[in-house]
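Q: Here is how the chains run, residue by residue.
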Amino acid sequence: MGTMESGIHRGRLSPAQYEANFSDLHAPLDDHEALVAADRCYFCHDAPCMTACPTSIDIPLFIRQISTGNPIGSANTIFDQNILGGMCARVCPTETLCEQACVRNEAEHRPVEIGRLQRYATDIAMEQDKQFYARSEPTGKTIAVVGAGPAGLACAHRLAVNGHDVVIYDAREKAGGLNEYGIATYKAVDDFAQKEVDYVLAIGGIEIRNSQMLGRDVSLADLKSRHDAVFLGMGLSGVNALRTEGEAADGVEDAIDFIARLRQAGDKAEVAIGRRVVVLGGGMTAIDAAVQAKLLGAEEVTICYRRGKEHMNASEFEQDLAASKGVSIKHWLQPKRIVSRDGKVAGIELEYTTLSENRLVGTGETGIIAADQILKAIGQTFEADGLGALLLDGGRISTDAEGRTTLDGVWAGGDCVKGGEDLTVSAVAMGRDAAMSIHRALAADVQPATAVA
Amino acid sequence: MADLRNNFVGIKSPNPFWLASAPPTDKAYNVERAFKAGWGGVVWKTLGEEGPPVVNVNGPRYGAIWGADRRLLGLNNIELITDRDLYTNLREMKQVKMNWPDRALIASIMVPCEEQAWKSILPLVEETGADGIELNFGCPHGMSERGMGAAVGQVPEYIEMVVRWCKQYTRMPVITKLTPNITDIRNPARAAKRGGTDAVSLINTINSITSVNLDTFSPEPSIDGKGSHGGYCGPAVKPIALNMVAEIARDPETSGLPISGIGGVTTWRDAAEFLVLGAGNVQVCTAAMTYGFKIVEEMITGLSDWMDAKGHRTLDDITGRAVPNISDWQYLNLNYIAKAHIDQDACIKCGRCHIACEDTSHQAITQFVDGIRHFEVMDDECVGCNLCVNVCPVQDCITMVPLAAGTLDERTGKPVDPNYANWTTHPNNPMARQAAE
Numbered sequence: 001m002g003t004m005e006s007g008i009h010r011g012r013l014s015p016a017q018y019e020a021n022f023s024d025l026h027a028p029l030d031d032h033e034a035l036v037a038a039d040r041c042y043f044c045h046d047a048p049c050m051t052a053c054p055t056s057i058d059i060p061l062f063i064r065q066i067s068t069g070n071p072i073g074s075a076n077t078i079f080d081q082n083i084l085g086g087m088c089a090r091v092c093p094t095e096t097l098c099e100q101a102c103v104r105n106e107a108e109h110r111p112v113e114i115g116r117l118q119r120y121a122t123d124i125a126m127e128q129d130k131q132f133y134a135r136s137e138p139t140g141k142t143i144a145v146v147g148a149g150p151a152g153l154a155c156a157h158r159l160a161v162n163g164h165d166v167v168i169y170d171a172r173e174k175a176g177g178l179n180e181y182g183i184a185t186y187k188a189v190d191d192f193a194q195k196e197v198d199y200v201l202a203i204g205g206i207e208i209r210n211s212q213m214l215g216r217d218v219s220l221a222d223l224k225s226r227h228d229a230v231f232l233g234m235g236l237s238g239v240n241a242l243r244t245e246g247e248a249a250d251g252v253e254d255a256i257d258f259i260a261r262l263r264q265a266g267d268k269a270e271v272a273i274g275r276r277v278v279v280l281g282g283g284m285t286a287i288d289a290a291v292q293a294k295l296l297g298a299e300e301v302t303i304c305y306r307r308g309k310e311h312m313n314a315s316e317f318e319q320d321l322a323a324s325k326g327v328s329i330k331h332w333l334q335p336k337r338i339v340s341r342d343g344k345v346a347g348i349e350l351e352y353t354t355l356s357e358n359r360l361v362g363t364g365e366t367g368i369i370a371a372d373q374i375l376k377a378i379g380q381t382f383e384a385d386g387l388g389a390l391l392l393d394g395g396r397i398s399t400d401a402e403g404r405t406t407l408d409g410v411w412a413g414g415d416c417v418k419g420g421e422d423l424t425v426s427a428v429a430m431g432r433d434a435a436m437s438i439h440r441a442l443a444a445d446v447q448p449a450t451a452v453a
Numbered sequence: 001m002a003d004l005r006n007n008f009v010g011i012k013s014p015n016p017f018w019l020a021s022a023p024p025t026d027k028a029y030n031v032e033r034a035f036k037a038g039w040g041g042v043v044w045k046t047l048g049e050e051g052p053p054v055v056n057v058n059g060p061r062y063g064a065i066w067g068a069d070r071r072l073l074g075l076n077n078i079e080l081i082t083d084r085d086l087y088t089n090l091r092e093m094k095q096v097k098m099n100w101p102d103r104a105l106i107a108s109i110m111v112p113c114e115e116q117a118w119k120s121i122l123p124l125v126e127e128t129g130a131d132g133i134e135l136n137f138g139c140p141h142g143m144s145e146r147g148m149g150a151a152v153g154q155v156p157e158y159i160e161m162v163v164r165w166c167k168q169y170t171r172m173p174v175i176t177k178l179t180p181n182i183t184d185i186r187n188p189a190r191a192a193k194r195g196g197t198d199a200v201s202l203i204n205t206i207n208s209i210t211s212v213n214l215d216t217f218s219p220e221p222s223i224d225g226k227g228s229h230g231g232y233c234g235p236a237v238k239p240i241a242l243n244m245v246a247e248i249a250r251d252p253e254t255s256g257l258p259i260s261g262i263g264g265v266t267t268w269r270d271a272a273e274f275l276v277l278g279a280g281n282v283q284v285c286t287a288a289m290t291y292g293f294k295i296v297e298e299m300i301t302g303l304s305d306w307m308d309a310k311g312h313r314t315l316d317d318i319t320g321r322a323v324p325n326i327s328d329w330q331y332l333n334l335n336y337i338a339k340a341h342i343d344q345d346a347c348i349k350c351g352r353c354h355i356a357c358e359d360t361s362h363q364a365i366t367q368f369v370d371g372i373r374h375f376e377v378m379d380d381e382c383v384g385c386n387l388c389v390n391v392c393p394v395q396d397c398i399t400m401v402p403l404a405a406g407t408l409d410e411r412t413g414k415p416v417d418p419n420y421a422n423w424t425t426h427p428n429n430p431m432a433r434q435a436a437e
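Chains A and B, in that order, give the protein sequences. So in the UniProt record's numbering the end of the first sequence lands on 453, straight run, no missing numbers. So in the UniProt record's numbering the end of the second sequence lands on 437, straight run, no missing numbers.
Incorrect hints may have been included.
[Stated by the list, open to error] Taking lysine to any residue pairs in the SDA-like style, the calculated list, with each CA pair at most 20 Å apart, reads:
hint	chain 1	residue 1	chain 2	residue 2
1	B	K349	A	Y42
2	B	K12	B	P252
3	B	K349	A	D39
4	B	K36	B	E49
5	B	K349	A	H45
6	A	K187	A	F317
7	B	K349	A	R40
8	A	K336	A	R243
9	B	K349	A	E108
10	B	K167	B	G10
11	A	K187	A	G326
12	B	K349	A	K325
13	B	K349	A	N105
14	A	K309	A	L355
15	B	K349	A	D46
16	B	K349	A	S56
17	B	K349	A	D58
18	A	K141	A	A221
19	B	K97	B	Y158
20	B	K349	A	L355
21	A	K336	A	S315
22	B	K349	A	R104
23	A	K224	A	K309
24	B	K27	B	Q95
25	B	K94	B	E49
26	A	K325	A	S315
27	B	K97	B	K349
28	B	K349	A	R243
Just so you know, these hints were derived from the structure itself, not from any lab. All figures in this text were calculated on a predicted structure; none of them were measured in a lab.
With the rest of the complex left out, here is chain A (with noise of 0.2 Å):
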């Protein structure tokens, strides 16, 4: 078949460039490899990588660990902040992150590897199965976990180590929200999200409920009824429409369909893909499915972002990789409408933008792009039913700094929540914060306050 057949088409590539284009994005640190770089961390003071970790992992403790032969003690520092350590090691964005932090950047511009020793530490410990969490006695309690994604499972597990039990119910049918269907392949690859699942659960007392999704097959009062608190974990389910003309035409579909889609394909060369791909957007997603459609053997792969770089949500490093894969990024373009043919999507029409008074406006000046397939990366939304009574703000959860909402009971975390900052690492600092301040007030609840006369 080759790149170079029009249309939308599986089975471009030969098996063998499939499994060369889908395999890890970085391959893992082996024991050589680490020791040199854990020998670059510097054991800095109040580190500025830990203030810069969303979740605080001790960041020099676990690499001085590494260092010093123990990658197991070294894991159980990072669990102890981040039971997802493993997924967050990989898909992070540590260059905005941990590494930006780095003093090393300060005198040589080169951070230690923080990301892939974490994943070393985190695999080793990972592999050989090693859990560092027992229960607590049980309470009792059980609490409602809504969404079996980062934040999700990050809550679930720190309430079942002290000792209630938690039941999640997730609308999909696999457990892991974004890191099952919305993480590029090339950044979890040989079912990792599914390992981690399995590895979370493994510490008892959880259980999760798939194809159950709140507002169709349960409500928030269901749930406040049956359970003794409820944390909302959800992720964001909607997506902004294009409002462009031709936008029905064959061969348009959201760039999260498409990144979920190539995530379940057991066998890539069945994900059909364009010759030519525009992709709209300028944030991950975008570049996400933009690297793949190329990776899945388009020809042409075009990102059309209506702002200038500097204004793109995806990391210089997603960019740079975007381009090192062939993907060309062209600014200050927005969609006028879809070019189709027989119904089908034939190309695109967008327009030169410019910033009049702070104002994003079309320049008036058009041109056209031949696509055969669109992949619009152009912002989710929440959208969520059976909420009740619950106070949304700006379109999300609103909540307080330990995820307790408006409502009694009822904790929030992740994308769902105003504030969000639609990162794996933050949704799992939101919800193992959650899971305390819930232990902390179902404990209050246990044994009131004795009043001293």
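Following the hints, position chain B against chain A.
A: Only chain B this time, still in chain A's reference frame:
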């Protein structure tokens, strides 16, 4: 161009870099390679008496410790003196000396502490054309159990006796190699001088266990589950060696006695430090065993370039230059006051200076200023200890700045006294008070 030619007790070599008596100088093959690489001289691996050669262990002979990036910092060795036939060594030495007449070739010797043993071997060595002999009184393992090596070097009377024999039975210059495994290095040095030695060389290796295998509980290097102490060498021992060289250089009894400096010389800087502390040349082993013979090129060019930059023409211009600056603690100027200063442009904000000072020293470095991560020395707390300088990962980021006479020391609230004053006259010194009374 600086003149690096070396004349050490009459032994001439094109540069002051000799290979020490050790595995790298065990046979002609290695020594020829060393001379090709540019080494000025070698001390041939120690010869024993005629007869069946010593045997070595057949398992691992070396243990080590490492720094970051597995850089070798210290090596330990349980290999003995040469395990080759005496006449094979003598024949090769003679041939090598003929092939390389401009290089120094020294024979290291260790035979039992009996006059006849020394009297027998010295003419054999002399016949090779060797430029001198080095008496191995330092080997700390194996041979010392048989009454040789360090067993001699630890008893000044034996040193004096053996040196006297050697001076009596050979015309070759005698270099006495000293063991550091003693309390005061001046005593064996004085004994060697009394015996008439032409020079001393030091240090030999230090008794050591480099590590223990935590699975088998065997010391490393492990021979069938057991370990024996070995001789420690490499960069980690340099400070010990420098001190011992300096002690001999400034001791009135041994002052002026030529010294061949040994112990962790790895770069030209190390070599220059030995020279300025009184060594006439240096001997190298571990650095060559770690990196190969080529390192001598860096040593030669580094020393030469530094001498050119500083205007030193010959080795005589630098040897011993630091000796007058070595002092007993009691004579250090207590009115000299320095404070640490952090170059904010160079600071990478790792915070190590702060935590070192805060946890273990004088609480004199900030962590935050106006809520911002900022490391700055508080002059009113800083005692000038230099710990922050030593733990800072960035060279020259933190420096010690002396306070000019008359300026206020914020810590004591007193102006800096321009006059030299030491402990011997300090009012807190009970001895000083007695003297005053």
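Q: Next pair to validate is A:K187 with A:F317; report whether the Cα-Cα distance is within 20 Å.
A: holds (14 Å)
Q: Going straight from one Cα to the other, do B:K94 and B:E49 come out at no more than 20 Å?
A: holds (18 Å)
Q: Check whether the Cα positions of B:K97 and B:Y158 lie no farther apart than 20 Å.
A: violated (31 Å)
Q: Is A:K336 close enough to A:R243, meaning Cα to Cα at most 20 Å?
A: holds (9 Å)
Q: Given the hint that A:K141 pairs with A:A221, does the C-alpha gap stay at or below 20 Å?
A: holds (18 Å)
Q: Against the 20 Å threshold, does the CA-CA distance of B:K349 and A:R40 hold or violate the hint?
A: holds (15 Å)
Q: Is the hinted pair B:K12 and B:P252 satisfied, with a Cα-Cα distance of at most 20 Å?
A: violated (27 Å)
Q: Does A:K325 lie within 20 Å of B:K349 when you go C-alpha to C-alpha?
A: violated (36 Å)
Q: Would the hint linking A:K309 and A:L355 be met if the CA-CA limit is 20 Å?
A: holds (13 Å)
Q: Just to be careful, I want the Cα atoms of A:K325 and A:S315 compared with a cutoff of 20 Å; is the pair within it?
A: holds (16 Å)
Q: For a C-alpha distance cap of 20 Å, please report whether B:K27 and B:Q95 respect it.
A: It holds: about 11 Å lies between the C-alpha atoms, which stays within 20 Å.
Q: For the pair we were handed, A:K336 and A:S315, check the Cα-Cα distance against 20 Å.
A: violated (26 Å)
Going down the numbered hints, you'll see the structure goes against 2, 4, 12, 19, 20, 21, 23, 27 and 28, while the others check out.
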